[in-house]
Amino acid sequence: MFNEFWLRLRALVTRRKFDRDLEDELAFHLAMREEKNRASGSSGDQAHLAALRQFGNTTLAREECREMRSFALLETLWQDLRYGGRLLRKSPMFTLVAVVTLALGIGANTAIFSLTYQVLLKYLPVPHPEELVVLRSPGPKEGATTSDGDGAASFSYPMYKDLRERSGQVFTGLLARFAVPLSISGQGHTERASGELVSGNYFEVLGVTPELGRIFGPEDETAAGANPVAVLSYGYWTSRFGNDPSILNKQISVNGTPLTVVGVSQAGFTGVQIGKLPDIFIPITMKAQMTPSWDGLDDRRRHWIAILGRMTPGLNRAGAQAELQAIFRPILEAEIPLEKIPEKTKTRFLARQLLLQDGSHGRPILQRDARQPLIYLTAMVGLILLIACANLASLLIAKGEARQREIAVRLSLGASRQRVLRQLLTEGALLALAGGLAGLGIAPLILRMILKAVPAYAGMLGLHADLDFHLLVFALALALATTVVFALMPALRLVRVDPQTPLKEQGNSASGGASAVGLRKWLMVGQVVLTTVLLAGAGLFTQSLINVTNVDLGMRTDHVVQFSIAPRLSRYSEPQTLDLIERLRKAIAAQPGVQSVSVAEIPIFAGDSASSDITVEGYASPDAEKLYANKNWVGTAYFSTMKIPLLAGREFQESDRADSPKVAIVNQTLVRLYFAGRDPLGRRIVFGTGNVHPDIEIVGVVKDSKHEDAVTPIAPFVYMPLAQETSAAGITFYVRTAQDPLAVASTLRATVAGLDAALPVYNLKTLNEQVKDSAFADRLLAFLSLWLGLLAAMLAALGLYGVMAYLVARRTREIGIRMALGATRNNVAWLVLREIMRMTAIGLVAGLGAAVLTGKLIESQLFGVNGASPLILGLTAALLAAVALVAGLMPARRAARVQPMAALRCE
Amino acid sequence: MGERKDKSGDLVQGTLDMLVLKALVSGAKHGYAVAEWIHATSEDVLRVEEGALYPALHRLELKGLLKSEWGTSENNRRAKYYALTAAGRKYLAAEQEHWGRMTAAIARVLQSA
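Chains as they are written, first to last, in our numbering: chain A, 1 to 907; chain B, 1 to 113.
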């Protein structure tokens with residue numbers, strides 16, 4: 001091996017000498033042979049020629065020897081690159097079209113890949129992420145569940161501790177965490193931050209080290225309220241404290257509770273859920289201080305904690321899961337006496353299993369929601385790249401026609417086919433690399449645009465639009481792959497040609513021309529098929545978005561501005577919170593331009609909802625299933641502010657206070673489902689089931705309206721007065737204005753600051769914006785697919801035009817003859833148009849078939865659209881036909897302008 | 001040109017290397033002598049395509065089976081002489097053994113009823 005390398009290296013350094021030696025060696029051979037020939041009686045010239053003939057292809061032999069010293073590969077590569085570069089410079093228009101097409105294709109693919117990589121493929125940046133698992137236990141649960149994306153993954157703290165103590169065989173560690181919004185004050189201002197309540201072993205189980213100070217240990221999880229310490233995330237340390245190490249051992253005020261900063265976590269670590277960026281980590285024992293509106297730390301009926309485990313090395317998930325059941329069952333049995341579980345559900349309760357979910361990517365919440373859209377986007381950009389490749393292949397075939405003679409000459413002069421093929425592929429790769437590099441330039445722009453369209457609450461934080469090593473590799477690999485797709489076939493066609501044929505032909509019509517035309521036509525048909533699929537998909541997503549936008553929300557969202565505050569996180573007690581809300585409401589209502597103000601505890605169109613079992617006086621469900629209703633707590637004048645029509649009864653009034661009788665307002669759906677025609681006014685309901693006493697009187701019925709977003713079906717709904725039950729972790733104000741809501745929006749912060757300067761205001765935006773944000777996924781899909789569809793149509797137009805223009809040029813003589821024989825200009829133009837229409841029609845038929853199939857595949861992502869919508873398919877066909885017609889017009893006109901005499905003479 | 005002549009005297013793929021090595025067992029030779037030796041020894045049956053001979057020599061040299069040296073030929077010209085290396089001898093022995101087994105096997109198959 002070393003010998004070979006040495007000889008090659010020597011050959012490289014002493015290439016001149018090597019070439020001369022090789023020349024000598026061959027010359028010696030030929031001279032010897034010539035001498036022998038002469039000895040056997042040939043004359044001088046004949047002997048010389050015979051020697052050459054006997055030797056065969058000297059150039060080929062020379063090349064082979066040279067290439068063997070195979071840095072020659074590099075040398076010829078360099079030659080090829082220079083030659084290719086020269087060729088590309090010589091046809092700048094072709095090069096421009098090719099590079100731009102590829103850049104768009106590769107750029108879009110790289111951007112979507114970056115998104116896919118960051119959301120779906122990236123592992124948690126911790127050692128051995130493959131050992132991590134997420135615990136889930138689906139099935140009946142008593143008590144209250146607070147979930148962050150997956151209700152089956154919520155556990156009580158006591159259950160977590162039981163599991164941690166008993167599962168040492170299965171896990172090297174079991175961690176608990178719960179995400180909370182917080183108010184952090186310091187240096188004169190208070191701001192909202194996202195916190196993570198964690199078990200003492202959290203960092204240790206994950207394998208995260210401190211960047212500064214220390215991480216938590218078991219000593220930080222001793223007793224409720226006894227661990228006032230905090231670890232800052234690296235990002236928060238940077239953004240809030242400018243990487244100042246003196247923050248260590250200082251106190252910061254979190255929700256008004258002083259916590260000592262004991263450390264900063266490792267750079268790059270952003271918690272256990274992709275898309276979330278915790279600012280601060282706090283021991284879970286500080287729960288009561290961090291969520292002042294509810295505690296539940298030691299309550300087995302409060303399910304809120306997410307548990308992740310690190311499996312003992314060598315165990316697989318199935319094995320670990322099997323072992324866990326024996327540990328889980330006794331814990332469940334011990335819990336039974338605490339619950340008021342009806343016999344019927346008892347077996348189901350005990351049959352609950354503890355499941356292990358892959359945790360190598362962290363808690364798979366964002367991944368679950370984003371997988372489908374990302375797959376669609378990947379497919380769409382993939383199609384675009386394929387279309388671009390088809391276009392380029394077609395262009396290269398046309399260019400190849402013109403180069404047949406050049407290639408034939410090279411082959412005849414002794415170039416091996418392989419060598420010529422390599423040259424042609426190098427040219428292709430050069431184009432692809434230029435396109436790939438340009439695409440790398442475009443990718444961050446596309447990505448930035450996409451990320452900008454994602455609202456903050458969508459749980460897609462921490463995604464970046466920067467280029468990194470992965471993207472570089474991806475884009476270059478894609479460029480090389482496209483080379484194979486678009487350049488290999490035209491190149492193979494070229495070198496396969498017998499070099500003699502093009503050389504013998506004098507005319508400009510090369511042999512194989514007919515099949516080249518056929519091939520290009522098929523490429524175009526393929527392009528039309530793919531474009532049809534893309535356009536139809538774009539149409540479906542767009543129609544879906546239009547449907548989402550036009551949903552009757554059941555309220556008027558225009559001229560409303562919203563903002564949220566969280567007084568409970570700033571040491572306000574419940575009564576103080578109510579008092580603050582009331583004062584704030586009055587202060588805002590007094591402002592010019594404000595028509596009315598109200599508040600709600602759960603913000604609307606933010607994807608949030610609260611649901612409970614409900615007992616309705618005098619109604620039992622026919623199938624003995626539990627009744628349920630969604631709920632929200634709202635202020636006075638809520639319905640008139642939101643313009644949700646009141647159908648019967650009354651709105652909440654200031655007289656509905658904590659000490660007055662409990663009242664509720666329900667929506668139409670609840671009346672329809674649980675009152676079936678009876679008058680609901682004056683009847684009583686209560687949340688919870690079993691041994692409960694309905695004590696909430698229904699005082700009003702409102703028209704159905706949407707809550708979480710525009711598409712979620714309307715649930716039976718109960719509104720209660722904020723004053724009568726304020727868990728009120730956050731309060732959102734809705735302000736209806738007479739004029740432009742933004743004018744009022746600018747004064748709202750000052751109004752809040754006027755009452756409490758240290759109270760952070762967040763989510764300040766118009767309600768319309770909020771509604772728009774709630775449909776961001778639909779918006780993004782529609783927007784991107786529409787752009788990609790139009791790009792595809794443009795590429796198809798370019799391709800169709802190219803083929804037809806080329807066809808007309810090739811058939812100039814034929815057209816001349818036809819005209820000479822009496823064909824009119826219209827006949828000739830029609831000839832061209834008919835051809836392009838025929839190709840488009842074939843492509844459309846196949847494309848529409850494929851579009852129906854893909855439409856069915858994406859139907860689950862669509863709202864109110866049939867995957868095979870005849871309207872969309874019809875529009876797609878019409879648009880493509882129009883595009884084809886436009887693309888055909890110019891070549892048709894050129895054909896019609898052919899001067900018969902000139903055409904005939906030019907041969 | 002890339003055209004090939006009648007295939008009948010052509011060598012089976014891969015056997016050229018073996019023949020070249022064999023030609024050098026008796027001592028260092030230049031390329032022309034190798035071609036002539038094969039030609040003569042096979043009593044005109046095997047015809048080395050000379051254009052393929054030199055790539056083969058260079059390839060074998062790169063593999064370390066041959067070494068080369070510039071010398072002076074019988075008629076006083078500068079010529080490149082190739083000689084077997086130890087590795088070349090070992091390789092040839094192995095190839096020869098393999099070839100023997102193959103041809104014997106093929107012969108048995110062809111002779112069978």
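Since the hints were made in silico from the structure, they are not lab data. Among the hints, a few may not be true.
As the list claims (entries may be wrong) - If you only want the chain A side, here are some residues facing chain B, beta carbon under 8 Å, derived:
1) 37
2) 41
3) 42
4) 52
5) 55
6) 64
7) 65
8) 68
9) 810
Said to hold, decoys possible - Calculated Cβ distances over 10 Å to all of chain B for the following chain A residues:
10) 31
11) 33
12) 35
13) 61
14) 129
15) 317
16) 360
17) 434
18) 469
19) 842
Backbone N, C-alpha and C define an ideal beta-carbon position, used for all residues, glycine too.
How the hints compare with the structure:
Because the closest C-beta pair between residue 37/A and chain B is about 12 Å apart, greater than 8 Å, the hint is violated. Residue-level restraint check for residue 41/A is violated (minimum Cβ-Cβ distance to chain B is 18 Å; threshold 8 Å). For residue 42/A, the interface hint is violated, since its Cβ never comes within 8 Å of a Cβ in chain B; the closest pair sits about 17 Å apart. With a least beta-carbon distance of about 10 Å to chain B, the hint placing residue 52/A at the interface is violated under the 8 Å criterion.
A distance limit of 8 Å between C-beta atoms decides the matter here; for residue 55/A the minimum to chain B is near 5 Å, and the interface restraint holds. Nearest Cβ of chain B to the Cβ of residue 64/A: about 4 Å, under the 8 Å cut. The hint holds. With its C-beta approaching chain B no nearer than about 5 Å, residue 65/A sits inside the 8 Å limit, and its interface hint holds. At its closest, the beta carbon of residue 68/A sits 5 Å from a beta carbon of chain B; the interface hint therefore holds under the 8 Å criterion.
The closest approach between the C-beta of residue 810/A and any C-beta of chain B is roughly 29 Å, which is over the 8 Å cut-off, so the hint fails. Not every beta carbon of chain B lies more than 10 Å from that of residue 31/A, the smallest distance being close to 7 Å; the non-interface claim is violated. Non-interface call for residue 33/A relative to chain B: violated, since the shortest CB-CB distance, roughly 7 Å, does not exceed 10 Å. The claim that residue 35/A lies off the interface is violated: its Cβ sits roughly 8 Å from the closest Cβ of chain B, which falls inside the 10 Å cut-off.
Once the 10 Å rule is applied to beta carbons, residue 61/A is inconsistent with being away from chain B; the minimum gap is 4 Å. The beta carbon of residue 129/A is kept farther than 10 Å from every beta carbon of chain B, the shortest such distance being approximately 46 Å. Against the 10 Å criterion, residue 317/A stays outside the reach of chain B, whose nearest CB is about 50 Å from its own CB. Distance check for residue 360/A against chain B: the nearest CB is about 46 Å away, which clears 10 Å, and the non-interface claim stands.
Residue placement check: residue 434/A keeps its beta carbon more than 10 Å from all beta carbons of chain B (closest about 33 Å). With a closest Cβ-Cβ approach of about 36 Å to chain B, residue 469/A is found to remain outside the 10 Å limit, as its non-interface label requires. In this structure residue 842/A is separated from chain B by more than 10 Å, as the shortest Cβ-Cβ distance comes to about 39 Å.
When the structure is compared with the earlier hints, violations turn up for hints 1, 2, 3, 4, 9, 10, 11, 12, 13 and for no others.
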